[in-house]
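Protein chains in written order, with our numbering: chain A, 1 to 167; chain B, 1001 to 1280.
These are computed hints drawn from the structure, not numbers from a lab.
Check the hints yourself; a few may be wrong.
[To be verified] For the chain A half of the interface with chain B, some residues (derived, Cβ under 10 angstroms), not all of them:
#1 R13
#2 P20
#3 V81
#4 H109
#5 Q112
#6 M114
#7 S117
#8 V127
#9 T156
[Stated by the list, open to error] Keeping only pairs whose Cα atoms sit at most 30 angstroms apart, straight-line, the calculated BS3-like set for lysine-lysine is:
#10 K1006(B) / K1047(B)
#11 K1271(B) / K1062(B)
#12 K137(A) / K78(A)
#13 K1062(B) / K1006(B)
#14 K50(A) / K78(A)
#15 K137(A) / K1062(B)
#16 K50(A) / K1271(B)
#17 K50(A) / K137(A)
#18 K137(A) / K1230(B)
#19 K1230(B) / K1209(B)
#20 K1271(B) / K1230(B)
#21 K1209(B) / K137(A)
#22 K1006(B) / K137(A)
#23 K1047(B) / K50(A)
#24 K1047(B) / K1062(B)
[Stated by the list, open to error] Where chain A lies over chain B, by a calculated footprint (3+ residues, C-beta under 8 angstroms):
#25 1049–1058
#26 1204–1211
Virtual Cβ for every residue (Gly too), placed ideally from N, Cα, C.
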Amino acid sequence: MLQTAYDNHDIRRDLVGLLPRLRRFALTLTRNGSDADDLVQEACARAILKSALWDGQGRIESWLYTLMRNVWVDEVRKRRVRFGSGTVDAGEATTLTIDPGGEKSVYAHQLQRMILSMPEGLSAVFVLVNVEGHSYKEAAAILGIPIGTVMSRLSTARLRLAAMVAG
Amino acid sequence: MQDLRKQPLETRLSALLDGEIGLDERQELERLLSVSGEAQDIFERLKRGSDIGRKAMDEVLKEPVPLALVREIRNPQLREKPGPRVTLRGVLRGIRFAPSGPQAVAACLICLIAGGGLGYMLGAQQQPVTTAPSALAALPARNGWLDDIAAAHRVYSRQQRHLAEVPPADANHIVEWLSQSVGVDFTVPDLSADHFGFEGARLLVADGKPTGQLLYRNDDNDIIAICFTKGGDGSSDLNEIIRDDIGLVTWQTPAASFVVAGPSSEATLTKIAEAVSGHM
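Model the full structure from these sequences, guided by the hints.
If you want it as structure tokens, here you go:
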């Protein structure tokens, strides 16, 4: 009998374990918490339905991130049709108003908001490569963009973050 | 490795930071960094942005995950895509109703005989209709039983000092006592492979029936319970149900009904239920 590489029980367990990271990556795509949770829910549902397609090789989160990016691209396309425009950039980042030496959680929270408010695409590349340690090639595959774009977005994100704190 | 020579300096230095660069390119950039103040400044800003961004995004992982997300993932109704639904309308649409003459006559005769027979039987009925006791009657009313199990687990799992009625040291007594009280023969399963230690047992009343409850705790202080009562239909399939914050995995044997109860976020409940169902 042909066995699937990954049964539902295993993927459910992995999905629950990966939820914090899935939510973080979803945040970089949607850039708002409510949409991010909806996106994670939809992506997890699809992952369970399509778990037979996961070959068990490599990092499962890469497969899940790719799936999540596809779901989000579909959603953005639907919104464009529905509302006549895509998601709106949260705007250029402002400078920090909290001192780095101030309350740690408030400082971190404000930094997160600033990272997520960077122009579309920067924060996703930043999290994949700089935070999660994916290679440029893996990040390019997950996001469906050329490696050169990954490189330029990453350097832009880093310089913007440095400027936010310095500003 | 990418040929970076046509890329802007900040992109090349960013790639140097990630080690995604060839040996020649690395040596060229390191030479540049040793002589160029501008390159050093960019490199320092890249490193600073990298560090503060990483720390900030790591904080996101500390935020609590919405329970609804965990429940949705663990929802057993979410399974691989089913085949097309078979509906009555679809079936009827596929049937062409065009009887021939003899078929119509035969159908009329069958209806006449069946109707007459039914009328005779109803008219001849002298005694009130009684229902013979069925196997279903022996089962606990499942929803009520499971609701009571979930409610009991919600209450008792918070009793840190008085979790169990009988301590684990009296395991032999627990087996004898609950086997007699509930009417189900069992042994205490060892869940140490799943990092749960036995904490003792209780006798519950769930849906009006005596129910045995074996309690286990793991290092994270999560409590799970194996509950059982007399009567079952023998359907050994595991079914997972969520009652608010409590996850329940149920199965039955011809003699008993079982459920493993625990936090709905506990990812190993089904695995534990599989192990226990093979044991009990």
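Here's how the hints hold up against the structure:
1. The beta carbon of R13(A) is positioned within 10 angstroms of a beta carbon in chain B (closest approach about 4 angstroms), and the interface hint is therefore held.
2. Below 10 angstroms, beta-carbon pairs count as interface contacts, and P20(A) has one with chain B at about 4 angstroms; its hint therefore holds.
3. For V81(A), the suggested interface contact is broken, since its CB lies about 25 angstroms from the closest CB of chain B, more than 10 angstroms.
4. The restraint placing H109(A) at the interface with chain B holds, with a minimum CB-CB distance near 7 angstroms, inside the 10 angstroms limit.
5. Because the beta carbon of Q112(A) sits about 5 angstroms from the nearest beta carbon in chain B, less than 10 angstroms, this interface hint is met.
6. Look at M114(A): its Cβ gets to within about 8 angstroms of chain B, closer than 10 angstroms, so that hint holds up.
7. For the restraint placing S117(A) at the interface with chain B, the shortest Cβ-Cβ distance is roughly 12 angstroms, beyond the 10 angstroms limit, so the hint is violated.
8. With 10 angstroms as the threshold, the beta carbon of V127(A) comes within range of chain B, its nearest partner Cβ sitting at about 6 angstroms, so the hint holds.
9. A cut of 10 angstroms between beta carbons decides the hint on T156(A): the least distance to chain B is about 8 angstroms, and the hint holds.
10. Proposed proximity of K1006(B) and K1047(B) is supported: the alpha carbons are some 22 angstroms apart, at most 30 angstroms.
11. The hinted pair formed by K1271(B) and K1062(B) meets the criterion: a straight-line CA distance of about 27 angstroms does not exceed 30 angstroms.
12. Restraint check for K137(A) and K78(A): satisfied, since their Cα atoms lie roughly 29 angstroms apart, inside the 30 angstroms limit.
13. Between the alpha carbons of K1062(B) and K1006(B) the distance comes to roughly 40 angstroms, so the proposed pair goes past 30 angstroms and is violated.
14. Only pairs whose Cα atoms come within 30 angstroms are accepted, and K50(A) paired with K78(A) is accepted, the gap being roughly 22 angstroms.
15. Note on K137(A) and K1062(B): the hinted pairing holds, with a Cα-Cα distance of about 28 angstroms set against a maximum of 30 angstroms.
16. Restraint check for K50(A) and K1271(B): satisfied, since their Cα atoms lie roughly 21 angstroms apart, inside the 30 angstroms limit.
17. With a CA separation close to 24 angstroms, the supplied pair K50(A) and K137(A) stays within the 30 angstroms bound.
18. For the proposed pair K137(A) and K1230(B), the alpha carbon gap of about 59 angstroms is over 30 angstroms, so the pair is violated.
19. About 8 angstroms separates the Cα atoms of K1230(B) and K1209(B), which keeps this hinted pair within 30 angstroms; it holds.
20. A hinted pair counts as satisfied when its Cα atoms are at most 30 angstroms apart, and K1271(B) with K1230(B) qualifies at roughly 23 angstroms.
21. Under the criterion of a C-alpha separation no larger than 30 angstroms, the hint pairing K1209(B) with K137(A) is inconsistent with the structure, at around 61 angstroms.
22. A C-alpha spacing of about 19 angstroms is found between K1006(B) and K137(A), which places the hinted pair at or below 30 angstroms, so the restraint holds.
23. Between the alpha carbons of K1047(B) and K50(A) the distance comes to roughly 39 angstroms, so the proposed pair goes past 30 angstroms and is violated.
24. For a cut-off of 30 angstroms, the pair hint linking K1047(B) to K1062(B) stands: about 24 angstroms separates their Cα positions.
25. Against chain A, the stretch 1049–1058 of chain B contributes 9 residues with a C-beta closer than 8 angstroms to a partner C-beta. That satisfies the three-residue criterion, and the hint holds.
26. As drawn, the stretch 1204–1211 of chain B meets chain A at 0 residues by the rule of a beta-carbon pair under 8 angstroms; below three, the given contact is violated.
Consistency with the previously given hints fails for numbers 3, 7, 13, 18, 21, 23 and 26, ordered from lowest to highest.
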